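Asker: Residue-level listing of the chains:
2 protein chains.
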Amino acid sequence: MQRTRFDNRECPVAQALEIIGEWWSLLIVRDALRGLRRFEAFQASLGIARNMLSRRLKALVAAGILEKRAYSERPLRHEYRLTAKGRELMPVMVSLLIWGNRWAAPAAGPTTLLVDRATGQPIEPRLSLTGPPLRPDEISLATGPGAGAEMRAAFALMRAAANERRAAAPRSANLDVSSKTG
Amino acid sequence: MQRTRFDNRECPVAQALEIIGEWWSLLIVRDALRGLRRFEAFQASLGIARNMLSRRLKALVAAGILEKRAYSERPLRHEYRLTAKGRELMPVMVSLLIWGNRWAAPAAGPTTLLVDRATGQPIEPRLSLTGPPLRPDEISLATGPGAGAEMRAAFALMRAAANERRAAAPRSANLDVSSKTG
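Going down the list, the protein sequences come from chains A and B. All residue numbers for the first sequence refer to our numbering, where the first residue is 1 and numbers rise by one. All residue numbers for the second sequence refer to our numbering, where the first residue is 1 and numbers rise by one.
Treat the hints with caution; some may be incorrect.
[What the hints assert, rightly or not] Using C-beta positions, here's what the derived DEER-type ranges look like: (1) Asp137(A) / Gly120(B): 32 to 38 Å; (2) Glu88(A) / Glu40(B): 32 to 38 Å; (3) Arg74(B) / Pro122(A): 48 to 54 Å; (4) Ser54(B) / Glu88(A): 51 to 57 Å; (5) Ala108(B) / Glu88(A): 18 to 24 Å; (6) Ala156(B) / Glu88(A): 56 to 62 Å; (7) Ala118(A) / Arg77(B): 20 to 26 Å; (8) Pro106(A) / Arg81(B): 40 to 46 Å; (9) Arg81(A) / Ala167(B): 49 to 55 Å; (10) Ala168(A) / Arg81(B): 48 to 54 Å; (11) Pro133(B) / Arg81(A): 31 to 37 Å; (12) Thr130(A) / Gly120(B): 15 to 21 Å.
Since the hints were derived computationally from the structure, they do not count as laboratory data. Just so it is clear, the structure is predicted and the values come from calculations on it, not from any experiment. Note that beta-carbon positions come from the ideal geometry of N, C-alpha and C, so glycine has one too.
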């Protein structure tokens, strides 16, 4: 029995990882959950070659995680928005953030805090069978004590993206930075 | 500002992904959360070359996610157990499982269900700010309607590992299969 070989492609965890693909894809989803939508914003955040980013965005669109929409007709400009399938990766991302803060933060402390959007206080959602489900609009991100230049630049990108979105539509359900943070 | 390049290594999600490493590592952690501890069991589950598995287990030990312990002196035999740092990846794994079941299951339905260990009923824990935290010993796995030969073989491995553990210690807090399932 123990000689049976199978790579367990049937497993839902393996299936999820198969779709999400590489770490890079998950970092693009992270940025999309933070509110980034435009090619230039993803590129500034991830610092990867344009052709590579282009390929990865295409793969995420093909996987049904992002959708490409025109936000301007003249000139024609597109943005990438999370689909329901993409937005539902939020618990994966929040769980990775909490684990990263607990086990991989620099000595100075976490660089990014998950905070209550209304109060700005740090929060730590947990998996629960009975609690009311966390809504994306209840949470926000704030810089933590370990944040350096890189994280401050990330927050500047998030704020710029939030301003663009507010200009387009008054309310947003992204895992947004509040205007207080930074 | 948008020309600034950084790969955002400060981000806790990126830091977490950096430590967890490749998908393969996460699949080893998945198997460890399912209760697998022995080299042969991981090998049967993952179906990868022994030298590759050996390298990945070593990397997870070096990252502090697994620890290597002797379970027999004569002959000397080791097993790999999750540390606290490793066990706390459970919410990441449960979130991936739920997402995989919702968005990547075969047409016949999910292959693996997360169930209440006491009742065997399917459960879907969610992130919550106020609910009582899910305890690993509250949950169990069961085969779902989409399970095929591969998943049944995975459950056979989990049951064998559970039997080994019960022989060694009567109680376990692993994300275990109950004896009813399969």
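Asker: Arg81(A) and Ala167(B), beta-carbon distance inside 49 to 55 Å?
Answerer: With Cβ atoms ~53 Å apart, the hint holds.
Asker: Between Ala156(B) and Glu88(A), does the beta-carbon spacing fit 56 to 62 Å?
Answerer: violated, 31 Å
Asker: Regarding Asp137(A) and Gly120(B), is the given constraint of 32 to 38 Å on their beta-carbon distance met?
Answerer: holds, 35 Å
Asker: Return holds or violated for the Cβ distance of Glu88(A) and Glu40(B) against the range 32 to 38 Å.
Answerer: holds, 36 Å
Asker: Does 51 to 57 Å hold as the CB distance between Ser54(B) and Glu88(A), or does it fail?
Answerer: Since the Cβ atoms of Ser54(B) and Glu88(A) sit about 36 Å apart, the hinted range of 51 to 57 Å is violated.
Asker: Please check whether Pro106(A) and Arg81(B) have a Cβ separation lying inside 40 to 46 Å.
Answerer: violated, 28 Å
Asker: Should the hint that Ala168(A) and Arg81(B) are 48 to 54 Å apart at their CB atoms be regarded as holding?
Answerer: holds, 51 Å
Asker: Could you see if the CB distance from Ala108(B) to Glu88(A) stays within 18 to 24 Å?
Answerer: At 21 Å between Cβs, range holds.
Asker: Hint says 20 to 26 Å; check whether the CB-CB distance for Ala118(A) and Arg77(B) agrees.
Answerer: At 54 Å between Cβs, range violated.
Asker: The hint says 48 to 54 Å between Arg74(B) and Pro122(A); measuring C-beta to C-beta, is that right?
Answerer: holds, 51 Å
Asker: Confirm or reject the claim that Thr130(A) and Gly120(B) have a C-beta distance inside 15 to 21 Å.
Answerer: Roughly 18 Å apart at Cβ, these two residues keep to the hinted range, so it holds.
Asker: Between Pro133(B) and Arg81(A), is the Cβ distance one that fits in 31 to 37 Å?
Answerer: holds, 32 Å
When the structure is compared with the earlier hints, violations turn up for hints 4, 6, 7 and 8 and for no others.
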